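In the order they appear, the protein sequences are chains A and P. When we follow the working numbering, the leftmost residue of the first sequence carries the number 8, and every step to the right adds one. When we follow the working numbering, the leftmost residue of the second sequence carries the number 8, and every step to the right adds one.
No lab work stands behind these hints, which were simulated from the structure alone. Incorrect hints may have been included.
A pair counts as met if it fits within one copy or between any two copies, since identical chains are not told apart.
[Stated by the list, open to error] Taking lysine to aspartate or glutamate pairs in the DMTMM-like style, the calculated list, with each CA pair at most 25 Å apart, reads:
id: 1; residue 1: Lys126; residue 2: Asp186
id: 2; residue 1: Lys204; residue 2: Asp157
id: 3; residue 1: Lys196; residue 2: Asp144
id: 4; residue 1: Lys74; residue 2: Glu86
None of the values given here were measured: they were computed from a predicted structure.
Number of protein chains: 2
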Amino acid sequence: MPPDDPLPSRLSSDVYAVLRRQIVTGELRPNQPLIELDIAERLQVSRTPVRESLQRLAHAGLVVPRKRGWAVREFTPDEIRQNAEVRMALEGYAASLAALRGSPSDIAAIVAIHERRLKLRSSDEAMRVKTNRDFHDAIMRASGNPRLTDAIYHSGQFYFNAPIARVTTGEELALGNADHALIVAAIKKRDGPAAEKAMRAHIQRTFALFWRVTGLAEPLDVRQE
Amino acid sequence: MPPDDPLPSRLSSDVYAVLRRQIVTGELRPNQPLIELDIAERLQVSRTPVRESLQRLAHAGLVVPRKRGWAVREFTPDEIRQNAEVRMALEGYAASLAALRGSPSDIAAIVAIHERRLKLRSSDEAMRVKTNRDFHDAIMRASGNPRLTDAIYHSGQFYFNAPIARVTTGEELALGNADHALIVAAIKKRDGPAAEKAMRAHIQRTFALFWRVTGLAEPLDVRQE
DNA sequence: GCACGCAAGTTTGCATACAAATTTCATTTC
DNA sequence: GAAATGAAATTTGTATGCAAACTTGCGTGC
Chain A
8 MPPDDPLPSR
18 LSSDVYAVLR
28 RQIVTGELRP
38 NQPLIELDIA
48 ERLQVSRTPV
58 RESLQRLAHA
68 GLVVPRKRGW
78 AVREFTPDEI
88 RQNAEVRMAL
98 EGYAASLAAL
108 RGSPSDIAAI
118 VAIHERRLKL
128 RSSDEAMRVK
138 TNRDFHDAIM
148 RASGNPRLTD
158 AIYHSGQFYF
168 NAPIARVTTG
178 EELALGNADH
188 ALIVAAIKKR
198 DGPAAEKAMR
208 AHIQRTFALF
218 WRVTGLAEPL
228 DVRQE
Chain P
8 MPPDDPLPSR
18 LSSDVYAVLR
28 RQIVTGELRP
38 NQPLIELDIA
48 ERLQVSRTPV
58 RESLQRLAHA
68 GLVVPRKRGW
78 AVREFTPDEI
88 RQNAEVRMAL
98 EGYAASLAAL
108 RGSPSDIAAI
118 VAIHERRLKL
128 RSSDEAMRVK
138 TNRDFHDAIM
148 RASGNPRLTD
158 AIYHSGQFYF
168 NAPIARVTTG
178 EELALGNADH
188 ALIVAAIKKR
198 DGPAAEKAMR
208 AHIQRTFALF
218 WRVTGLAEPL
228 DVRQE
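Could you put together the complete structure from these sequences and hints?
Structure follows, in structure tokens:
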């Protein structure tokens, strides 16, 4: 999971990190009410840091206000689709920037991660997840735009509590590798538009697989271009 | 100014709204330390809602932690450039979605706003600002993706405390109208890629003007494609 | 004249107190 | 047996208390 901006206040940040992880992993279910005192007792702190972390979670969009208190946000299929589009916009642009202005060492790093991933066996699930993240991270880094990277992480949070993180079939590995290869080729050629297009298509396909694996109804209009 | 997600807690939200406005308008200067007790007394509330609103402001990126307490975030020219790029990514994509899937009435609304703007005189500054915002809002609405709209607003906050809102020369009006015309034409033709390209170029030119008007050094690598 | 140190004053981070609003639940009424 | 009522229990929103950490500024020694 990507880091989130740290704060000096210890407890508040700790509570935030714990709740965020529990929401994102699904340990706290969507629509589950978040009772301040329960959380405070569970984490052995007072309500003050709990309330402060809830404010941050609300701003992050992971928690929504109820008539009374807060609840874990539930994402509808359509909201997940919207997030996928935000990600296509941001990460596609990051790929184009990486192609246009990534330093040679940035690009070498991307290539190296991609080649390491090609050697994986489909059973090596943890490694597959890790190299996938590394790949996307390397591209963002090569974009030379930390704000863009932040925005991508931010948008990424939104569907982690959906089971997309568990899309782990062997098919997905092959598909992902093919997609990644197209992206890498475009970046190596310094072809910004091609890199952008390939990245968007990759995200698109990942989500198409997501709908299929989860059995969620795919919203209309997902497909672009 | 775009709305921000409201909260049930009255005071906390009020304090957040006030501080946000003061930061964004420059009433609170960058790097100015934010003393909880001062704010509490100024707004006639206790420290609790002040602290909660500071958490939200921190997550919004408008306020940064200091060794002790908080300060209004200052944006460097490079960070402003980064934000401009985020906006190019998001709003460009919104324009392409508007072209590809905006309803006829969505598109009629965009055209109407554009034509109203064409009739403005350069002295009508308030109206110019308003129709500009309306124009961009209409495109976002036509994109059919509220999350994308939110993300754009979010990214927009980041340079409001810079003087870009006050780029108000007559030249800017003419330039803006020419840019808008290109965007409108592409959307009417249902040409997504052209709309995206035109919107990116528009944002690019707006920022180029911004660097010139403010006298800030333009960071390298602003120019894409 | 400069540096150091120490004490007083701020200011924060966390905990707790308290009242108001809401929910729950048992009891009554039909 | 179902609905209504009202009192008790939760739970929140805000305020305040308190100790620790950091700053400030003055005085002292060199």
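At most 25 Å between C-alpha atoms: does Lys74 with Glu86 qualify within a copy, between copies, both, or neither? So Lys74 and Glu86 pass the 25 Å test inside one copy only (22 Å; across, 38 Å).
Tell me, please, which holds for Lys204 and Asp157 at an alpha-carbon limit of 25 Å: within, between, both or neither? both (21 Å within a copy, 24 Å between copies)
With identical chains, the pair Lys126 and Asp186 could be close in the same copy or across copies; at 25 Å between alpha carbons, which is it: within, between, both, or neither? within (15 Å within a copy, 48 Å between copies)
Go through the copies and call it for Lys196 and Asp144: within, between, both or neither, with a Cα cutoff of 25 Å. Cα proximity of Lys196 and Asp144: one copy only (20 Å, versus 37 Å across).
Comparing the model with each earlier hint shows no violations; every hint is respected.
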